[in-house]
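Residue numbers (the UniProt record's numbering): 1 to 244.
Some hints could be false.
Claimed, not checked - Listed next, the in silico DSS-like pairs over lysine-lysine satisfying Cα-Cα at most 27 Å (straight line):
(1) 183 - 138
(2) 123 - 181
(3) 183 - 29
(4) 183 - 199
(5) 143 - 123
(6) 25 - 143
(7) 183 - 143
The set of hints was computed from the structure by calculation and includes no laboratory data.
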Amino acid sequence: MPALLCLENPLLDVQAFGNQELLQKYGLKANDAILAETSHQGLFEDLINNFAAGTTAGGGAQNTARGAQYILPSDSVVYLGCVGDDTYADTLRESCQKAGVRAEYLVDQAHPTGRCGIVITDKNRSLCTELGAANHYKLEHLKRPEIWSLVESSEIYFVGGYHLTVCPEAALALAEEAAAKNKIYVMSLSAPFIPIAFKDALDKTEPYWDYLVGNESEALTWAQSHGSEVISPICQRRMQADLG
């Protein structure tokens, strides 16, 4: 019986050490997270061909699922998301299987598995995500009897904020189930743009939050989206304490 169910966007990470010229070439900030646009299409091949990029299973909630399973008893974690019918998806399945995570992917025949370009400079990471198939997750998959039974048997739901760009209905369905069955609902802000660009979808889940996960820049944009330009000293001290 799973203890934790995670929902978000499964991605193949394409990661490399870059430089300021690479960031400028694609209009990227040194420490940021964005969705890929037409201007970013060459980034992934550039990283692989010119910067010796490595590839690994990624996506915030998928990484959370693998990390959680590492410290939990066997068969404790389920992960949901949408992938393509390709070798990238096979890589993600193998990674989850190796970690002991039960991956229940919706397979989209029309779109490739999503990927995330990661440019590391100094102590910074710039994330540029091409969602691909991950952008086509459907509530119907979550509601399938064999999937919903996993929802019902799990005690904690973790939803990555990036999924609000894809299928907010699924995020809300888990929130409502958590409230109805007195389970724990965890929302991750995931990126600074989520509280602003997807404010309405995020706000609909807010009444159900037991825990909200985010870093300082994400917390600040959430505050700004609700009419505040500052984070209270209490919150700042708490975040600093959590970061050590």
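Cross-check of the supplied hints:
1. With a C-alpha separation of about 23 Å, the suggested pair residue 183 and residue 138 falls inside the 27 Å cut-off, and the hint holds.
2. A threshold of 27 Å between alpha carbons decides the hint, and for residue 123 with residue 181 the separation of about 42 Å lies outside it, so the pair is violated.
3. Between the alpha carbons of residue 183 and residue 29 the distance comes to roughly 38 Å, so the proposed pair goes past 27 Å and is violated.
4. Only pairs whose Cα atoms come within 27 Å are accepted, and residue 183 paired with residue 199 is accepted, the gap being roughly 24 Å.
5. A hinted pair counts as satisfied when its Cα atoms are at most 27 Å apart, and residue 143 with residue 123 does not qualify at roughly 41 Å.
6. Of the supplied pair hints, the one linking residue 25 and residue 143 is violated, its CA atoms being roughly 43 Å apart against a limit of 27 Å.
7. Proposed proximity of residue 183 and residue 143 is supported: the alpha carbons are some 18 Å apart, at most 27 Å.
The structure shown violates the earlier hints numbered 2, 3, 5 and 6.
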